[in-house]
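Start from chain A and add chains B, C and D with the ligands according to the hints.
Those protein sequences? They're chains A, B, C and D, same order as listed. With the numbering used here, letter number 27 in the first sequence gets 27, and the count goes up by one each step, no holes. With the numbering used here, letter number 32 in the second sequence gets 32, and the count goes up by one each step, no holes. With the numbering used here, letter number 270 in the third sequence gets 270, and the count goes up by one each step, no holes. With the numbering used here, letter number 197 in the fourth sequence gets 197, and the count goes up by one each step, no holes.
No lab work stands behind these hints: they were computed from the structure. Where hints are given, some of them may not hold.
[What the hints assert, rightly or not] Under the rule of at most 30 Å between Cα atoms (straight-line distance), these lysine-lysine pairs were calculated in the DSS-like manner: (1) Lys10/A - Lys140/C; (2) Lys498/C - Lys46/C; (3) Lys10/A - Lys10/B; (4) Lys10/B - Lys2/A; (5) Lys2/B - Lys49/B; (6) Lys2/B - Lys2/A; (7) Lys49/B - Lys10/A; (8) Lys329/C - Lys441/C; (9) Lys2/A - Lys49/A; (10) Lys10/A - Lys2/B; (11) Lys10/B - Lys49/A.
[Unchecked claim] Have a look at the derived ranges for each label pair, beta carbon to beta carbon: (12) Pro713/C - Gly12/B: 45 to 53 Å; (13) Pro29/C - Ala11/B: 51 to 59 Å; (14) Ala11/A - Glu357/C: 31 to 39 Å.
The beta carbon of each residue, even a glycine, is placed where N, CA and C say it ideally should be.
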Amino acid sequence: MKVRVSITRKAGLSDPEGVETHRALHDLGYDEVGDVHFGRIITVEVAGKDAAEVQARVEEMCERLLANPVIEDYAVEVLG
Amino acid sequence: MKVRVSITRKAGLSDPEGVETHRALHDLGYDEVGDVHFGRIITVEVAGKDAAEVQARVEEMCERLLANPVIEDYAVEVLG
Amino acid sequence: MTEPVHRTLGMTDEEYESVVRVLDRTPEPAELAMYSVMWSEHCSYKSSRAWLGRFPTEAPWVVVGPGENAGVVDLGDGWLAALRIESHNHPSFVEPYQGAATGVGGILRDIFTMGARPIAVWDPIRFGSLDQPRNRYLLKGVVAGIAGYGNAVGVPTLGGEIEFADCYSGNPLVNVMALGILEREQLVLSAASGEGNVAVLLGAATGRDGIGGASILASASFDEGSGAKRPSVQIGDPFEEKKLIEACLELYERGLVVGIQDLGAAGISCATSECAANGGMGMDVDLDTVHLREHGMTPGEILMSESQERMLAIVRPEDVAEVLALAEKWEVDASSIGTVTPGGALRVFQDGALVAEVPAASLSEDAPRYERPRERPAWLDAVWADAPDVPDQVDVAGALRSLLDDPALGDRSWIYEQYDHQLFLNTVVGPGNDGSLLRIKGTEKGLAVSTDGDGLRCRLDPRRGGARIVWEAALNVAVTGARPYAVVDNLNFGNPEKPEVMWQFVEVVEGMSQACEALGVPVIGGNVSFYNETGGVDIHPTPVVGMLGFCDPMPPRAPRLDRAEEGMDVWLVGPEHLDDFAGSAFARVVLGNEGGRPHDADAEAGSTVIAHAIQLAGWSPVLHDVSAGGVAVALAEICIRSGVGAVVEAADWRELLCESPHRFLAVLPPEADPSDLSPIRRIATMGGAAIDFGRYGALPLTEATEIWRNALPRRLA
Amino acid sequence: MTIAVVVFPGTNCEHDVVHALGVLGVSADLAWHRETDLAGASGVVLPGGFAHGDYLRTGAIARFSPVMTEVARLAEAGCPVLGICNGFQILCEAGLLPGALVANRDLRFVCRPIHVRVESTDSVLTAAATVGDVLRIPLNSYEGNYVAPAADVAALEEAGRVMLRYCDPSGAVTDPANPNGSMNAIAGIANAAGNVAGLMPHPERASEEILGSTDGRVLLESFVAAATAIPAGR
Ligand SMILES: Nc1ncnc2c1ncn2[C@@H]1O[C@H](COP(=O)(O)OP(=O)(O)O)[C@@H](O)[C@H]1O
Ligand SMILES: [Mg+2]
Numbered sequence: 001m002k003v004r005v006s007i008t009r010k011a012g013l014s015d016p017e018g019v020e021t022h023r024a025l026h027d028l029g030y031d032e033v034g035d036v037h038f039g040r041i042i043t044v045e046v047a048g049k050d051a052a053e054v055q056a057r058v059e060e061m062c063e064r065l066l067a068n069p070v071i072e073d074y075a076v077e078v079l080g
Numbered sequence: 001m002k003v004r005v006s007i008t009r010k011a012g013l014s015d016p017e018g019v020e021t022h023r024a025l026h027d028l029g030y031d032e033v034g035d036v037h038f039g040r041i042i043t044v045e046v047a048g049k050d051a052a053e054v055q056a057r058v059e060e061m062c063e064r065l066l067a068n069p070v071i072e073d074y075a076v077e078v079l080g
Numbered sequence: 001m002t003e004p005v006h007r008t009l010g011m012t013d014e015e016y017e018s019v020v021r022v023l024d025r026t027p028e029p030a031e032l033a034m035y036s037v038m039w040s041e042h043c044s045y046k047s048s049r050a051w052l053g054r055f056p057t058e059a060p061w062v063v064v065g066p067g068e069n070a071g072v073v074d075l076g077d078g079w080l081a082a083l084r085i086e087s088h089n090h091p092s093f094v095e096p097y098q099g100a101a102t103g104v105g106g107i108l109r110d111i112f113t114m115g116a117r118p119i120a121v122w123d124p125i126r127f128g129s130l131d132q133p134r135n136r137y138l139l140k141g142v143v144a145g146i147a148g149y150g151n152a153v154g155v156p157t158l159g160g161e162i163e164f165a166d167c168y169s170g171n172p173l174v175n176v177m178a179l180g181i182l183e184r185e186q187l188v189l190s191a192a193s194g195e196g197n198v199a200v201l202l203g204a205a206t207g208r209d210g211i212g213g214a215s216i217l218a219s220a221s222f223d224e225g226s227g228a229k230r231p232s233v234q235i236g237d238p239f240e241e242k243k244l245i246e247a248c249l250e251l252y253e254r255g256l257v258v259g260i261q262d263l264g265a266a267g268i269s270c271a272t273s274e275c276a277a278n279g280g281m282g283m284d285v286d287l288d289t290v291h292l293r294e295h296g297m298t299p300g301e302i303l304m305s306e307s308q309e310r311m312l313a314i315v316r317p318e319d320v321a322e323v324l325a326l327a328e329k330w331e332v333d334a335s336s337i338g339t340v341t342p343g344g345a346l347r348v349f350q351d352g353a354l355v356a357e358v359p360a361a362s363l364s365e366d367a368p369r370y371e372r373p374r375e376r377p378a379w380l381d382a383v384w385a386d387a388p389d390v391p392d393q394v395d396v397a398g399a400l401r402s403l404l405d406d407p408a409l410g411d412r413s414w415i416y417e418q419y420d421h422q423l424f425l426n427t428v429v430g431p432g433n434d435g436s437l438l439r440i441k442g443t444e445k446g447l448a449v450s451t452d453g454d455g456l457r458c459r460l461d462p463r464r465g466g467a468r469i470v471w472e473a474a475l476n477v478a479v480t481g482a483r484p485y486a487v488v489d490n491l492n493f494g495n496p497e498k499p500e501v502m503w504q505f506v507e508v509v510e511g512m513s514q515a516c517e518a519l520g521v522p523v524i525g526g527n528v529s530f531y532n533e534t535g536g537v538d539i540h541p542t543p544v545v546g547m548l549g550f551c552d553p554m555p556p557r558a559p560r561l562d563r564a565e566e567g568m569d570v571w572l573v574g575p576e577h578l579d580d581f582a583g584s585a586f587a588r589v590v591l592g593n594e595g596g597r598p599h600d601a602d603a604e605a606g607s608t609v610i611a612h613a614i615q616l617a618g619w620s621p622v623l624h625d626v627s628a629g630g631v632a633v634a635l636a637e638i639c640i641r642s643g644v645g646a647v648v649e650a651a652d653w654r655e656l657l658c659e660s661p662h663r664f665l666a667v668l669p670p671e672a673d674p675s676d677l678s679p680i681r682r683i684a685t686m687g688g689a690a691i692d693f694g695r696y697g698a699l700p701l702t703e704a705t706e707i708w709r710n711a712l713p714r715r716l717a
Numbered sequence: 001m002t003i004a005v006v007v008f009p010g011t012n013c014e015h016d017v018v019h020a021l022g023v024l025g026v027s028a029d030l031a032w033h034r035e036t037d038l039a040g041a042s043g044v045v046l047p048g049g050f051a052h053g054d055y056l057r058t059g060a061i062a063r064f065s066p067v068m069t070e071v072a073r074l075a076e077a078g079c080p081v082l083g084i085c086n087g088f089q090i091l092c093e094a095g096l097l098p099g100a101l102v103a104n105r106d107l108r109f110v111c112r113p114i115h116v117r118v119e120s121t122d123s124v125l126t127a128a129a130t131v132g133d134v135l136r137i138p139l140n141s142y143e144g145n146y147v148a149p150a151a152d153v154a155a156l157e158e159a160g161r162v163m164l165r166y167c168d169p170s171g172a173v174t175d176p177a178n179p180n181g182s183m184n185a186i187a188g189i190a191n192a193a194g195n196v197a198g199l200m201p202h203p204e205r206a207s208e209e210i211l212g213s214t215d216g217r218v219l220l221e222s223f224v225a226a227a228t229a230i231p232a233g234r
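The following block holds chain A by itself, in its conformation from the complex:
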């Protein structure tokens, strides 16, 4: 099964990459752009039949390795 993990920095923490990219977009004339935030997507191919089980396993992977729970939130979607 294909699983998509989206990892974003917790609200309130600074996001230097977002700030700089915001600045660059404005320099290019995209004045309509407001806040910019950076995150990561990790797509993982997982052997398994049961979506709920796969979901639980990948969430565990997030807690242990993929995300840094101290500063990041994550969301796991089993795409099937």
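Just chains B, C and D with the ligands now, with coordinates in the frame of chain A:
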């Protein structure tokens, strides 16, 4: 409007983060894990009323700045 | 029953009463927040201040001693050097990458606050055993954080040190030291003089980072219950800092600042009150002008925010426009947030209303001072009695195999090759040797630096241990040809409310002070980190010394470990060994013993040996001090780095493995006769394909190299 | 003749490049990234560092700096343009060189001397060297891993535009000698005309004996010779 841009490395080009994460997951005993791919998500707040127009503008931002078309693919979703 | 607010801010009832006395009324919330952080252990040194005065701090070349952001010494011809060390222990445990990264950012600001360009960083770090995954994660994260920030901000990391012991498992130590150079006219201090001068806040936006935060965290024990005190982690932005460095250096060059202060612990409240108090003035601060990252921040939050990469410059009113323009050129945000006033009051306004009014000086000067009880630990006698049981005869080659495989003794290049250590083209001797040696371009001058600590030996005897790390650091710079010139120290200790910990602290300060006095080297700055305990277990008393050495001129070709050649002689310089095994690597790694009482430093022998090292550095291909692992490991490092074996001809196995102080190896061409540099004796000849200890066995060089190179990587793979 | 060394916010090797050129007896001027006219320069160096923090993507934001329009103009006119490390990354992003640089194979920053073999002398980077020379030069990067679509790499090879390849001290191109996983062990390339070149290692860090190696000089000398040969700012 809130727009999510997902940027992934083009198939066939090396993805060291993916490879390394795959290895680390197996070290932790997640033998069910197959291919792992890394990408970035950039969420952008964009002033605008028309979803199609916003979509087009953000696609232009991707072409010009947010993605590197030589090695990356991107997808733009207007979340509303 | 809810706890009174001051207690949730880490303040005792007595301390709260003092605040009431100082203000002569009940503090407003913003005021209480300010006092709670400024009077925390981290900011006020309330438990240590009474003892720090023991350090010798004077010498004719000291320009700025302890008390300012960094110590400054004179290098002649108008050149000055600034040096400073800090700890980021607790933040690095919470989030190793960002904790270490922001540690680097903070120490750099201390340097360029003085007007100096930061030119190098060091990272003395300590962890629990790498057998535990959590410790591997912490080490990797810390090294990546130092690399990620240091490399990107554009300041090379020229070395550090690393130790492993179980006591650091729940409490890793991450110390960072930075060196800067400047020309005398550029020196700036943090005093806000001149009524009507303007306080300009430069750099990153202010968010809710580390509110009630990093400093309180560093001032309390770390246990399960501390979750509530956990600050939101601060995220380092090396790019912002790089711009800030360039902008500030240009401000100084153009003479546009009267005084400047970095924003660290307690953020705006600390910077404004210190600047005002140092100048004998007051300040009016308007919080509406502070560039915020988040909506709805309270005055207390804005004042206490520990958002990174910010500076407060004091500027004459007529220069404000130019300062703002210069900031804009460097793409640094800047705004005028305050005005220097007569009278000594720090007054803070928001939405036109006065939200805090305190005597600026009271935040630092009225802070509590504690002379906490001290008591020699009862367990020490038993520890001394448990001296290493040294056998009659030892297979030195076999012991060397184990020693080279120890992660603290093996090759450290896994760490330092992640650090840019060459930027600025100053690095004449880089990491992987004893001290690093930097040139100052356009002069003949050289600066040598070493950081040294030794938690185990300091646990066994804090006074002797404290003295020995100073002597070791001094020898490390001397073998590059530099004379010991100034010291900064980072005192990492457990809970000062325990009498045993306070006793250790005072003993260490005494030992270090004696060594500095004997060396004639002033202490120009330092940092105290208390409350390094987890679950009631304190870390070893772990002072770390940063030694600055100076030479003018530099040796034409400074010694390095990789310059030994077949046929050269190896000389051991230094006094007869003392069978000193307590706290040695041999006892720990091979015998599994961590007891006994180490020998003391010997000031007379130490000084002689340092003078010899400086002299030999003028022409020796290799000099290497003998420290952890003794002569055997020191010789092996020379062999491995130079790619040539050695045959040891005359040495007792004890001489090879014990760790008596004040010894180094000199590898000299065969025709050289250094015998007038007594005490000195020839112990080996370079050559062959093994490190050959004669009747104590031989270790093939290829095998030694393999073991040494893999000691760290194989545990981290 | 003067050489312009371009400074973006976040660049950090600019003074080192100026110093190393000075060692060769050549003077160079710093040019801030907002400048739009480098007509006085007969050569341009984009030095190493972290332009715009390397945020978003290495080189991505820098390529839009005003100075890059001018760099492109000079490149087109045949002026020698050299990108070192971050400068190489920027030239790739700007499309003045093909491909891109991504994270090192083992995801660790690498700062150490590596060996490169000279593969071609048809560029401003290598003209003074000899094919087959092995140079020991410091590498200092996290994103030093050269990637490009297979067809582009094949075209580069075909046209002899790979200038430097990672190798072991004997000159053999082996996998362990490839410090970052670059495709075809590519360490440096040039454009078709040979006047625009980029490389990951830092020749300016190997230009004085006291710093451990002088192997980088031949590369800087090639560049300087090319800059001397053309009139300023065509
Ligand atoms: N954490 C570290 N970061 C960078 N370099 C380090 C680190 N630990 C050790 N090193 C380097 O490895 C070398 C050996 O370290 P060490 O054995 O502690 O030196 P010494 O015993 O001479 O004080 C030194 O050059 C030192 O700078
Ligand atoms: Mg040493």
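Hint check results:
1. Lys10/A - Lys140/C: With Cα atoms ~22 Å apart, Lys10/A and Lys140/C stay inside 30 Å; holds.
2. Lys498/C - Lys46/C: 15 Å, holds
3. Lys10/A - Lys10/B: 28 Å, holds
4. Lys10/B - Lys2/A: 17 Å, holds
5. Lys2/B - Lys49/B: With Cα atoms ~11 Å apart, Lys2/B and Lys49/B stay inside 30 Å; holds.
6. Lys2/B - Lys2/A: Satisfied, since the Cα-Cα distance of roughly 25 Å is no more than 30 Å.
7. Lys49/B - Lys10/A: 28 Å, holds
8. Lys329/C - Lys441/C: 28 Å, holds
9. Lys2/A - Lys49/A: 11 Å, holds
10. Lys10/A - Lys2/B: With a Cα-Cα distance of about 17 Å, the restraint between Lys10/A and Lys2/B holds, given a limit of 30 Å.
11. Lys10/B - Lys49/A: 28 Å, holds
12. Pro713/C - Gly12/B: 45 to 53 Å: 30 Å, violated
13. Pro29/C - Ala11/B: 51 to 59 Å: 57 Å, holds
14. Ala11/A - Glu357/C: 31 to 39 Å: 33 Å, holds
When held up to the earlier numbered hints, the structure conflicts with hint 12 and nothing else.
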